[in-house]
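Visitor: Residue-level listing of the chains:
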Amino acid sequence: MEQAAQEKLNDAWDWEIPSKLVADLDDWREQFSEVQELVVSQDGERIAAIVKADDALTVCVNGDTWTSTFEKAWALHFGPDGRLACIVMNDDEWTVAQEDEPWEERYDYVWNLRFSPDGSGVAANIRTSDGYGVVLNGEPWDAKFLQMRSCEISPDGLSVAGNVQLEALSEGDIFTFRKGLWGLAVNGEPWDAHFLNVWDSVFSDDGAKVAAEVRIEPGLQTIAVNGVPWPETFRAVWQPIFVPGSHDVVAPGLAAGAWKLLMNGKPLWNRSFAQVWHQTFSPDRQRLAAVVASSFGRWTIAVDGDAWKTTFGDAVLPPVFSPNGRRVAAVVKENNRWTIAVDGIPWPEDFDMVWDPVFSPDGGIVAARAVQGKEFYMVLNGKVISLGCAKLWDPVFSPDGSQLLLKAIEFGRLYRKVVPIKQLLA
Amino acid sequence: MGSPAMKLPELPIVGDPGLDENAKNLTPERIAEVINRVIDRETAARFRVYMNTCVHCGLCSDACHWFLSNDRDPRFSPVGKVKQTVWEMLRKKGRVDPDFIKDCSRIAQTECNMCRRCSMYCQVGIDVAYMLLTVRRICHELEMVPQFMQDTVNSHAVTLNQMWVKQDEWIDTLQWQEEEAKSEVVTARIPLDKEGADIFYSVIAPEPKILAQLIGNMAQIMAVAKIDWTMPSFDGWDNSNMAMYSGDFETMGRVERAHHEAALKLKVKRIVMGECGHAFRGAVYDGPKWLGWLEPPVPVIHAVDFYHELITSGRIKIAKKFDEPVTVQEPCNIVRGRGLGAKLREIIHATCSDFRPPEPSFEHNYCCGAGGGVINCGPPWKTSRVKGNSVKAEQLAATKAHIIITPCHNCHSGIEDIISGYKLGMHVKFFSEILMETMEIPDELRAE
Amino acid sequence: MYNFASGPLVWIAFIVFVGGMVYQFVTLLRSAKKDKVIYPYMSAKYGLRSLLHWLIPFATTNMRLRYETTIVTFAFHLCLILVPIFLTAHVAMVSFGWGAKWGTLSDGAADWLTILVVLAAVFFLVRRWMLPEVRFVTNPSDYLLLAIAAAPFITGFMAHKQWFDYETMVVIHMISGAVMLMAIPFTRLSHMLFFPFTRAYMGSEFGAVRHVKDW
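Protein chains in written order, with the working numbering: chain S, 2 to 427; chain W, 46 to 493; chain A, 4 to 218.
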């Protein structure tokens, strides 16, 4: 979600009650024959799961079940605006249900449920008897395609794009395939150009442009923007992103055995890497970080082309900027142990698993949930600050940075806690 | 002197549009450019040193099932295949004709299983399979790949899975198999996209496409063993990778990245993969290597290793041993490629009462003849593939077993072809099928 | 001619041999860097484990498949290295020039070991003709390399036995020895240098990475 919008929302949350019992999940387990994976709203006020009661599936939210029941249901998510949605089926007809309201139109299949950053747009891929397409907020595309394999929603939630197969292909027909049968459809309109492959795509902030990885010849890949490939070609490329607020595109490309980060086809940084991917802009758009392998088998984060000195052997996950853009942190893994590195310095403690770092508004504090053995722990600036509990979700800092919202399952119950940072650090 | 004087029988000509049609587009210039580019820029120490170290002694020959099965025809020996391809390319500095490239593709793609048994027979430790993989790379760059193999790679490129499985078909199949599993074990589920699960279970595309019950079986096994597991609803679920074998390393990298990124996204502690050998090689060695990882970012455990863990830890108990005589096909990529031979034997002994060991065995066992992408070259090459592994038929027949346990999809299909080709009257089973027959399902989990 | 062969030629041969080996070694280390897995995969423990197995007769499966080839191969390589180093005449020459001295083989033993080398070379030659899988991969250069390796022994033996003109024979012997030395770094005889590395790499990849033995 856009940072400003998120802050506004957070502001409206209840930051007063120190601890609140949201739901007793042991009750659920007694009540229902099956309780599937739990999801919790961002503000911690609601917890939900797909549950089975009387041989039918439904959704239980804070102990109350939806009135609708389903033969099948999956992909339960709280959207960024807090609305609960999932994909459901009755009588072999699938649709999306939002807050106990299934969308009117039904389809042969629905998958790839996607939310726009503010939650106003909810989209998914659909299959109907006429072919494959997209449904956005209950409205399906008129156009249908032979196949569709992605659903990318624009930042404003008004547009959807996805790669589509444009011509039929019979089994084993390598010659027809070689002509290039794949394109990208935006709001149902396919690009004029078609390619051997179209992979991941992304919208510009204003929704006017879409960039995607394409393969134009068996050994040549590049980025196409609104169907027009860059003149420069590469042996391989990875997913592009738009420079926030502009139509410039940044993507990694492989040429002459080395990976480089490129802007509009031209090298952006003056050095190459054994690998580079997951490039990410800071919220203020001033800085660009990416996951890089500075040499074979050694991974780190590079910020504006400069790699951290500390490298990691197993993995480095996508970088996360502090809201002011000054600090960068990422989940890192070495010798099969997970931790977080902030500005190149790994926390001394390591874990069986750790989730993405969450910065305080001023960037001074980094929080993350981690797993050690069977239990979850909250970690602040590298120090474990909670007792172990059955499950934790990502923490949220209050807009003024003085408090931390924790969503924890303890003794079979979900508690929503607001804890002063001072208390946690003391 | 040397080979020109040798009189060897003509080999049957096999038509394959992937080679015959595409050869028409080749020019000598393009061939030379590709050969020299691949050899100069994409190979380094190993290629050069292997060329300078091989003393042409022929001692690798006895390692190769193709050589042994084709009446010791020298064209099928490991070094003989290198001579017919790499040596000629280098001697002529890449100036070879399209027919030569056609032969190279036939030799490297359809007459070598990349099984690396010859690496254990070469006195100086030359990796002959690596040399032939370089030939495959050259053939790929020239678009000279057998049709069915190329079609499989096209599928990988489009769908990131091996069998053109559409996204909705994949999820639908999992949901269907979850129901099937529930009808046996009430707690069975296939949790989709469960972030933070212990295990991401990955499979190869033939499972959802034609062997869906294997996924249902796994859901039952996981439920009985009470494993916290998940499968992704998104691309990256398929661990197979024929692009690795066709020489299309860029597509290989994309497929492997999706697999590992799925594990990272799901925040799992381990990937457990189904019974497939080449998939293990792709996920553990070739894929990570191409992407820049020395080891996979999340540990990858082969099914054999996983079953061993379930059985030895007591999470799965054996109710009654399987009593028909069984033997085993030891998949190259997990036995010679990972040393899982002993664990494989242990789980067979734990579940079967009449095990007939094959000879040779463990890392010296013969390849099934299907691996290394050879079976993926499709029906045109089936006859030569089955003929090229008569030693396997003899080996299996000698065990007098009824069932051959094949913990690898390629082995499974390859051994089935050997059984029917040589009329062995045996049957193949995945280990999971043995486990399903022998595993104890506690009464409280059993569906009525 | 004798003076040239016994003086400058020996120097040239040794300089080319040593220089060539150093050059090949440095090139190897450099190109091994480009082959990204080599250094990360190399393991002293498993490399040496593999080398050891392949340096002990019959310690590997393939060696046990062909007893005669294994025996001849080991005898050939062992004598090829030992005879020139411990031959009385060679030690005497070095001792005369530089004063260094070490143990020597008796004349009789040296004769027999030399004959062994020559017989082994004949065995390899016959093997190249007789076995289709060897004949198929035999190039003219393979005969030439075998000749280069055997020539110093044949000529040395002839000189020692004073067959034909002794002085001419000695010169031919010295030239053939020099040719062999100079050929080692630049022909497939360089397996003398590369063998420990290819073996150790394969041993490492099998042992350390794939957890299995390579013999």
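A portion of the hints provided could be inaccurate.
[What the hints assert, rightly or not] If you want the ones that stay clear, here's a sample from chain A, every Cβ over 10 Å from chain W, calculated:
#, residue
1, 40
2, 137
3, 194
4, 198
[Claimed, not checked] Computed list of lysine-lysine pairs in BS3-like fashion (alpha-carbon distance at most 30 Å, straight line):
#, chain 1, residue 1, chain 2, residue 2
5, S, 375, W, 138
6, S, 53, W, 366
7, W, 310, S, 53
8, W, 138, A, 164
9, W, 138, S, 418
10, W, 211, W, 366
11, S, 375, S, 53
12, W, 271, S, 392
[Claimed, not checked] Anything over 12 Å on all C-beta distances counts as not near chain S; from chain W, calculated:
#, residue
13, 192
14, 294
15, 439
Calculated from the structure, these hints are not laboratory results. Bear in mind that the values here come from a model prediction, so they are computed numbers and not experimental data. Each residue gets a CB set at the ideal place from its N, CA and C atoms; glycine is no exception.
Visitor: Of the hints given before, which are not true for this structure?
Guide: 1, 2, 3, 4, 5, 6, 8, 9, 10, 13, 14
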